Amino acid sequence: MSQIDAILHFADRATAMADAVVISQTYLDGQSVRQWLGQNVVECQIWRNSLDTLDGNGNPVHHPLAGFFVLISLPNVIPALFNHSAVQGVFDRDLINAGDVTGILKSPFTNAVLRDFRVSPLFAGMRPFWEIIP
Amino acid sequence: MRSALVPILLAPPGWVLRPGGKIATVDTDFSNNRAWVKGVGSVSIASLLTTTRASNETSLLPSSASGAAYLTFSSNVPAIVPGLGLQPFQAATNLLLNSAAPITQTTASLGTGTYTLWVNGSGSATSSAGSATGSAFGAATNGNPNTFTLSVAGTVVVTVAGSPNAFQLQAGSIGTAFVVTAGVTASQAADVITPAGALATALALTTKSVVVATNKLSAGALVVLLSAKTGNGGTYLYYNSSTLSTYYGLGGSGGAGSVLAVGAGITLSAANKAAASFDGTGRSLVSNNGTVATDSGVQGANGTVTIGSDAGGTISFANGYISRLTVFNSRIPDAQLKALTQ
Numbered sequence: 000m001s002q003i004d005a006i007l008h009f010a011d012r013a014t015a016m017a018d019a020v021v022i023s024q025t026y027l028d029g030q031s032v033r034q035w036l037g038q039n040v041v042e043c044q045i046w047r048n049s050l051d052t053l054d055g056n057g058n059p060v061h062h063p064l065a066g067f068f069v070l071i072s073l074p075n076v077i078p079a080l081f082n083h084s085a086v087q088g089v090f091d092r093d094l095i096n097a098g099d100v101t102g103i104l105k106s107p108f109t110n111a112v113l114r115d116f117r118v119s120p121l122f123a124g125m126r127p128f129w130e131i132i133p
Numbered sequence: 000m001r002s003a004l005v006p007i008l009l010a011p012p013g014w015v016l017r018p019g020g021k022i023a024t025v026d027t028d029f030s031n032n033r034a035w036v037k038g039v040g041s042v043s044i045a046s047l048l049t050t051t052r053a054s055n056e057t058s059l060l061p062s063s064a065s066g067a068a069y070l071t072f073s074s075n076v077p078a079i080v081p082g083l084g085l086q087p088f089q090a091a092t093n094l095l096l097n098s099a100a101p102i103t104q105t106t107a108s109l110g111t112g113t114y115t116l117w118v119n120g121s122g123s124a125t126s127s128a129g130s131a132t133g134s135a136f137g138a139a140t141n142g143n144p145n146t147f148t149l150s151v152a153g154t155v156v157v158t159v160a161g162s163p164n165a166f167q168l169q170a171g172s173i174g175t176a177f178v179v180t181a182g183v184t185a186s187q188a189a190d191v192i193t194p195a196g197a198l199a200t201a202l203a204l205t206t207k208s209v210v211v212a213t214n215k216l217s218a219g220a221l222v223v224l225l226s227a228k229t230g231n232g233g234t235y236l237y238y239n240s241s242t243l244s245t246y247y248g249l250g251g252s253g254g255a256g257s258v259l260a261v262g263a264g265i266t267l268s269a270a271n272k273a274a275a276s277f278d279g280t281g282r283s284l285v286s287n288n289g290t291v292a293t294d295s296g297v298q299g300a301n302g303t304v305t306i307g308s309d310a311g312g313t314i315s316f317a318n319g320y321i322s323r324l325t326v327f328n329s330r331i332p333d334a335q336l337k338a339l340t341q
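Protein chains in written order, with numbering that gives the first Met the number 0: chain A, 0 to 133; chain B, 0 to 341.
No lab work stands behind these hints: they were computed from the structure.
The structure displayed is predicted, hence computed values, not measured ones.
Certain hints may be false.
Unchecked claim - Quick list of simulated restraints, FRET-style, between CB atoms:
| id | chain 1 | residue 1 | chain 2 | residue 2 | range |
| --- | --- | --- | --- | --- | --- |
| 1 | A | P78 | B | A195 | 22 to 32 Å |
| 2 | B | T266 | A | K105 | 44 to 54 Å |
| 3 | B | P11 | A | F108 | 30 to 40 Å |
| 4 | B | A195 | A | G55 | 48 to 58 Å |
| 5 | A | Q34 | B | S150 | 39 to 49 Å |
| 6 | B | S172 | A | P63 | 18 to 28 Å |
| 7 | A | D11 | B | V39 | 19 to 29 Å |
| 8 | A | Q34 | B | G38 | 38 to 48 Å |
Glycine included, C-beta positions come from ideal geometry on N, C-alpha and C.
Taking the hints into account, I'd like the entire structure generated from these sequences.
Set out below in structure tokens:
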């Protein structure tokens, strides 16, 4: 069974955690603070590779896109998540790892834009989707 | 003929624990990749566990030998290392790029807090302030991580000397399993390990004995071996890093409930054994062949059971190895319980 990796975009963390669908991937800790389920979720940043600049030492400086991004990975397609209006991309990990672009199950972006995106961090074992787009 | 064969087929192999002739109900020997269920026989460890983890996980740890080869486990596959055991690790992100081919680099901007830098192999990786402000920057070598604190967010420079095979920079005060990165950072998701099948059934018993062997655990506030305290009641067996004692709790809603404690001087990074028993009249607890503590606490119903973490797999990860987990369907006498922790 392949992992299904979904990237969602919200205004901020609080909005994401309060979302009616995404809240299922959170829990309340001992201080009643909502936290992500660490087995399925990691917060991430997205930037456009073409917009990188260099600092004074020649190191690339990324310019993360505005808002809050979260990567949610589950072992099957969850329709409510797949069809969520905040979805920026849904990826079948096995297909992506095999270099098969049909593993991009859903995205509102063109291939040219997806190829330019960079996401950090990914889950260990995910091949970057931007590497396989022709 | 058939009835005569059954006892032979179900006779446990010699490695199964049997104090005083009492055969284990379920014996999961993770370090040797073997498991036994009374009345069934030998079974696969996979049939006794469910692991949820959205990422790969490796077996390379800060304590690994220099140049050690390591295994990589796919998502949702229990990370079981031959000779060592089951790895329940918390989530972690390796903030360095190309982590299996270390070169000097400057991180992205990091938030305030504590970070740990560790390496495997010859040579070193040394942290220093980029645009961040912090303290305790320094060199990490194999087996000697560098833990530093950022008081002002910003970048950190990691300078590589020599030829380390791998390096990792992660948030927090301990190093966890190595995360392989390439052009972007990567995260290992948390290991949420729950018992299944006969192991789940055995752990749900209110009269039982449990023996847990561990190795190379990392110090957290609490290092949980087995938790069922989410909700009301349930078994809760853990080490307290502050007191370095073993605790066996009777779970209660919203807290650990009644705690029975024993021992001191446990070295978490070494091999340890803890055992606990319950019946309708009380409970007993012992670790490393020490003094047995007893009281009249009675176990309530289990909540969500997790192995090597607490609260449904959200906190207090063992961050090391559960070598073996054995369950008996009775309260083993204290003297025998003690002997099981030798």
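Status of the hints after comparison with the structure:
The hinted range of 22 to 32 Å is satisfied by A/P78 and B/A195, whose Cβ atoms lie roughly 27 Å apart. B/T266 and A/K105 have their C-beta atoms about 51 Å apart, which keeps the hinted 44 to 54 Å range intact. For B/P11 and A/F108, the hinted distance range of 30 to 40 Å is not satisfied, since their beta carbons lie about 58 Å from each other. Against the hinted window of 48 to 58 Å, the Cβ-Cβ separation of B/A195 and A/G55 comes to about 55 Å, which satisfies the hint.
Distance hint check: the CB atoms of A/Q34 and B/S150 are about 24 Å apart, inconsistent with the given range 39 to 49 Å. For B/S172 and A/P63, the hinted distance range of 18 to 28 Å is satisfied, since their beta carbons lie about 27 Å from each other. Remark: the range hint 19 to 29 Å for A/D11 to B/V39 is contradicted by a beta-carbon distance near 52 Å. Range check, A/Q34 to B/G38: about 41 Å between beta-carbon atoms, so the 38 to 48 Å window is met.
Violated hints, listed in ascending order, are 3, 5, 7; each of the other numbered hints is respected by the structure.
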